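**Student:** Residue numbers (the working numbering): 1 to 115.
One or more hints might be untrue.
Stated by the list, open to error - Below are the EDC-like pairs computed for lysine to aspartate or glutamate, each with C-alpha atoms no more than 20 angstroms apart in a straight line: (1) 98 to 78; (2) 112 to 61; (3) 60 to 81; (4) 53 to 81; (5) 14 to 81; (6) 53 to 72; (7) 112 to 81.
It should be emphasised that the hints constitute simulated quantities derived from the structure, not laboratory data.
Just so we're clear, the structure is a prediction, and the values are computed from it rather than from any experiment.
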Amino acid sequence: MDKQSRRDAIRDFKERTVTRGVYAVRCAATGQAWVAVSRNLGADQNRLWSGLKFGGYVNKDVQAAWNAHGGEAGLAYEVLEVFDDGAMSPIGRSDLAKARLAHWREALGARKLVG
Numbered sequence: 001m002d003k004q005s006r007r008d009a010i011r012d013f014k015e016r017t018v019t020r021g022v023y024a025v026r027c028a029a030t031g032q033a034w035v036a037v038s039r040n041l042g043a044d045q046n047r048l049w050s051g052l053k054f055g056g057y058v059n060k061d062v063q064a065a066w067n068a069h070g071g072e073a074g075l076a077y078e079v080l081e082v083f084d085d086g087a088m089s090p091i092g093r094s095d096l097a098k099a100r101l102a103h104w105r106e107a108l109g110a111r112k113l114v115g
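Could you put the whole structure together from the sequences, leaning on the hints where they help?
**Tutor:** Right, here's the structure in full:
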């Protein structure tokens with residue numbers, strides 16, 4: 001890759017838009033659900049599945065459900081809400097994320113996925 005192509009690739013990566021929001025992981029067999037807020041929904045799904053596949057995911061309940069119910073076939077990743085927070089301050093984004101996480105936890109009777 002020449003220098004200009006490399007610069008263009010770096011610029012494109014830095015300028016990409018990421019999708020923020022709230023997602024759930026659901027176990028079809030047990031009905032359990034876990035929710036989390038994400039700054040990058042696509043990357044978080046990859047990170048979650050990778051952590052579970054390697055067997056060392058931080059949330060032991062989710063790891064146990066993964067192991068007991070057939071891995072990815074037993075759990076579903078679901079985007080619940082996408083934030084349109086581009087014009088918000090960092091504090092506003094944080095407040096929105098906390099409020100929406102609390103809303104979805106209550107609505108689904110779910111636990112927090114991380115933290």
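**Student:** Check whether the Cα positions of residue 112 and residue 81 lie no farther apart than 20 angstroms.
**Tutor:** holds (15 angstroms)
**Student:** Please work out if residue 112 and residue 61 have their alpha carbons no farther apart than 20 angstroms.
**Tutor:** holds (11 angstroms)
**Student:** Can you confirm whether the C-alpha distance between residue 14 and residue 81 stays at or below 20 angstroms?
**Tutor:** violated (24 angstroms)
**Student:** With the threshold set at 20 angstroms, check whether the alpha-carbon distance from residue 60 to residue 81 stays at or below it.
**Tutor:** Not OK: residue 60 and residue 81 at ~25 angstroms, beyond 20 angstroms, violated.
**Student:** With a cut-off of 20 angstroms on the C-alpha distance, tell me whether residue 98 and residue 78 pass.
**Tutor:** holds (18 angstroms)
**Student:** Would you mind confirming whether the straight-line C-alpha gap from residue 53 to residue 72 stays at or under 20 angstroms?
**Tutor:** holds (9 angstroms)
**Student:** Sort out whether residue 81 lies within 20 angstroms of residue 53, counting only the CA atoms.
**Tutor:** Between residue 53 and residue 81 the Cα gap is close to 25 angstroms, so the pair fails against 20 angstroms, i.e. violated.
In this structure, the hints that do not hold are numbers 3, 4 and 5, in rising order.
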